[in-house]
Every structure is written in structure tokens, then in C-alpha cells.
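Got chain A; can you put chain P on it based on the hints?
Protein chains in written order, with my numbering: chain A, 369 to 651; chain P, 9 to 267.
It should be emphasised that the hints constitute simulated quantities derived from the structure, not laboratory data. Positions of the beta carbon are idealized from the N, C-alpha and C atoms, including for glycine.
Residues of chain A clear of chain P, computed beta-carbon distances all greater than 10 Å:
#1 S397
#2 H404
#3 L491
#4 A513
Only some residues are given here: those of chain P computed to face chain A with a beta carbon under 8 Å:
#5 H179
#6 H183
#7 V184
#8 P187
#9 W264
Listed below, chain by chain, are the residues.
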Amino acid sequence: MSTSGRSVEADGGAPSFLAANDLHHVFASATPQEHHALGGISLAVGEGEFVSVVGPSGCGKTTLLRCLAGLMTPSSGTVTLYDQRVTAVPKDLTLVFQDYGRSLYPWLKVRTNVDFPLRDAGLDKAERAERVAQALADVGLEAHAEKYPRQLSGGMQQRVAIARALAYRPALLLMDEPYASVDAQTRAALEDMLLSVWATRRKTVLFVTHDIDESVYLADRVIVLSKAPARVIADLAVDIPRPRDQIDTKSLPRFVELRAEVARLIRAEGHQGIATDEVREVR
Amino acid sequence: MTSPTTITARLRDAGIRVAAIAAAIAVWYVLTARADSLFFPTPDKVFTAVWDDWIRPYSTTWSENLRPSLTRLLAGYLIAAALAIAAGIMIGRSRRLGDYVEPVIDFVRAIPPPALLPLFLVLLGIGDSMKIALIATGVFPPILLNSIDGVRSIDPLYLDTANVFRISRLHRVTHVILPSAAPKIFAGLRISLSIAVILMVISELIAATNGVGFRILQSQRQFLMVDLWAGLVVLGVIGAGLNAGLSVIERRVLRWERR
Chain A
369 MSTSGRSVEA DGGAPSFLAA NDLHHVFASA TPQEHHALGG ISLAVGEGEF VSVVGPSGCG
429 KTTLLRCLAG LMTPSSGTVT LYDQRVTAVP KDLTLVFQDY GRSLYPWLKV RTNVDFPLRD
489 AGLDKAERAE RVAQALADVG LEAHAEKYPR QLSGGMQQRV AIARALAYRP ALLLMDEPYA
549 SVDAQTRAAL EDMLLSVWAT RRKTVLFVTH DIDESVYLAD RVIVLSKAPA RVIADLAVDI
609 PRPRDQIDTK SLPRFVELRA EVARLIRAEG HQGIATDEVR EVR
Chain P
9 MTSPTTITAR LRDAGIRVAA IAAAIAVWYV LTARADSLFF PTPDKVFTAV WDDWIRPYST
69 TWSENLRPSL TRLLAGYLIA AALAIAAGIM IGRSRRLGDY VEPVIDFVRA IPPPALLPLF
129 LVLLGIGDSM KIALIATGVF PPILLNSIDG VRSIDPLYLD TANVFRISRL HRVTHVILPS
189 AAPKIFAGLR ISLSIAVILM VISELIAATN GVGFRILQSQ RQFLMVDLWA GLVVLGVIGA
249 GLNAGLSVIE RRVLRWERR
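Here chain A stands alone, though its shape is the one from the complex:
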């Protein structure tokens, strides 16, 4: 696929790498009520940016990511990557699913799970071995390479899923609430791991979460979504210096201010409409 001609201009004039234009999606379902998941989302992500997307639970975040990844076609609107219209999963992109337990292949050992996509990407053996070792080291799982996923705890399984995505070295990494079900300490460690990998590789990351602290702590920019049908209600630049630190950054007045702002926006959306679409989306 082409990596040339990155000239599209986003609203702000920044060169856009990934862009969504007026995405709508309606789930036709057997129930009398259709589910309107996306209500006209437009966003642009520049190359090398770390953007987080936060919104009330069930607002359609997963649907948005699936559309961006080319796993599903929105009812209307377009997604472009490198100015190319996304109709199937593009090269140079990957997605870390929320449900790690079902996204790792239980019949493959940890090492093979990480290696498998690389083989199909046509990399030679040495390169693959190097990437797998590096990725497993990044997530601290070198010692568990020869185990099967079921022999690992949930948090470790999610680290394997992340290692698999890191080893793939996509230009665009989409992450769907990857840390939603790991304990707080592991979560902090995984956040910092992601930041340090991002700092060295400077790949673009789009990180979906419902955790407000996390969204601000990680990102250059926080995109806040409304409840379903999801729209962008705010796009906040996180003007906090890097490298960030779990304790120091989170006690900066600017961090506290930003997280309060995001929290207010989300609270204004209300907690009604705890939709069932999260369940429906993963199907």
C-alpha cells in the first residue's frame, strides 16, 4: 500500500495521517429499537501523535475503533489513512482488543502468538526473533515465552496481546480499553511501558479508554465523546511536558485541571443510557 502523498489538510491545517469524516453507524438489530452508535464523528490524528478517546461507557467507542481499523464499514462517512480510503484493514495498522482473553490464540505459545503475525508480514527469521524478543522484553514477559496463554494471569495475557501489537510495529496502533481489566499497579506499569515505547518509536497511537486519568496522563490530545450516538464534544490539547510520571504528573495543577474538565464534560453527558452496545459491538 502507498505511503506517499500525505497531504490532506485537517481542520486545523495540520497534516492528517488518520482522518474520520462524519461517521455514522446504526446497528440494525432484531430488537424493534435500532441502535444508533455513531452520530457523526469527525476527527483527525497527525502522524506520531498520541491521542486518547474518552467517553461514557457504551457510547460507541469500540464501534468507532472498528470503523477506523477497517473491521467494519460505517453506515455513512469515510475513514482515510495516508489519504487512502479505508475499506478493509490497511497495512501498517493494528488494534489491541479489549478482550485479551479471546484475542490471543490459546493453541499458540506466548512466543508464537507474538511471532505469528510477523511471519505473514514476510519478515525473515532473524528479524522476527529480534522483534519478538524486544516486544516481550518491553512488556516484561521474556520468562514466559514458552507458556500457553491459559497459564498466565489476565494482566499478563493482555501484556502478550500488547507485545504482539508492538512486535508488529504498525505505523498506527489502535487500542481499545486495553487496560480496563488489569489491576491498578499493573495498569500504571503498562501505561508507562506504552509511553516509553512510544517515546522511542514515535508511532501514532489512538488509545480508547473510559478512564479519565488515563486519557489525560497518556495523551497529547484528548477527544471526548458524547453518549451514544457518539459525537465529538471536545478536543483538548494536553499541554503537559513529557516524560510523564505517575505521581509527579498527576499532581501537577494542569493535570488536575484537565482531568476535571474532561470529567465535567462526561458527567454532563449523564450516566443514563448505559447502553448494551458494548456487548453488541464485539460480536
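Chain P alone, transformed into the frame defined by chain A:
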């Protein structure tokens, strides 16, 4: 991964099994020795006949009876398994194809396979091809239905993951679909293994010049009751042996599933 406790547990299990078989043979011996009947020979005579007729090196019966039976059995079984798994993947992946094909499969499956024997006799004669075809036909539906079921019940996230990493079509089948359907495919393979043995014997009882079934029938006609019993023991050993072999393969292939 095997701790000492599981090893002792396994030894104990094996011990119980051996003891149960020994006890059964002892009861068999006591009953038949008391009855002193021509129709119920004592196990020592039966086992001697098994040794002489089936196992002893250079006994002609290996190439005359056991080998042809096993060849037909395995040929029919393996051909049917390969075709059924391949067809199961195709049908399982396509809802529409399944809608067309499934009623037909259900109908065919409802016909007891031995009833096809007269037809196959007419079409294929009494040779090996008839027997292989009969075994394959009987074995095909359970493997096919289980494969379809296995492929249908794949977690969609496995396929999404394959999509997201742009896994090739071939590898999607060999590395994602097949392994995830494997537990159900093996269930089908296990069911159909006993069907294969049944059909092998039936086809040899009706029209054959060799094979275990033929040999049992021949013994009965010549009133060689010891040989008849020996044939039955051999059949039991074949069935149990094949099952054990399949279990070993299954455990190896599905070792990721073990808890």
C-alpha cells in the same frame, strides 16, 4: 508439567484398569471351565488361538486377515476424515452453503450405513473399493457435522484478530480456523472410529474372501468355536487400540486445551 502426584495417580489408574481386565478374564475362566461347553471355550484356549492365528510371526493370517481389514478400515476412515474436514470448513464458513447442504446431510445421515451395502455391492462389487467406500460413507457425516459445528462456533474475535494482523487466507484456515475447531472435529473423529470398525466387520461378513469378519464367519461355519472367539477378541483389541491411538493424537494436538 507432570508432578509426582499426577504420576502416582496415573499409575494407580493404570493399575485399576489392569486389575479390572484380569478380574474379567478370571471370571471368564471360572465360568467357562465349569460349563465345559464347546460353545464357550476357556480363555487360555482363546488366547492361544489369538497368538497362533493372528500374532505369531510369519503366520499367514496377518497378511490374509488382519492386514486387509486394517487397510480398508484406515483407508476408508482417513479418506472420509480428510474430505469431511475440508468440506466442514467450507460449509461452516458459508451460511448459505450450509443452508443448502445441511438438509441433505441430515437425510443421508438418517440412513443406517449398513443399508447401503447392497447398493455398493451392485455398484462396486465385492472388492476392497466397495468396503472402503462403505466405511467412508458411514464415517463421513459425523465428522462433517462436527467440523461444521466447530467452524461455526469459532469466536469471532479470533477472526478479527487475524484480520487486524492481515493473516493470509491459507494461514487463517490452517492456524486459526482448524485449531479452534479441533476439539469438535476430534469429537467427530472419535464417534466415527467405532462406526468404521462396525462397517468393516459388516462388509466382511457379507461379502469377502479375507478379513477379520470373514474369518469369524468362516470359523463359525467350520464349527471352530475357539477361533470364532479369538476373532472377537481381536476385534475388541483393534477397536480399543485404534481408540487409544486416536486419544494419543488428540491429546497431543489439543495439549493447549488441557487444564
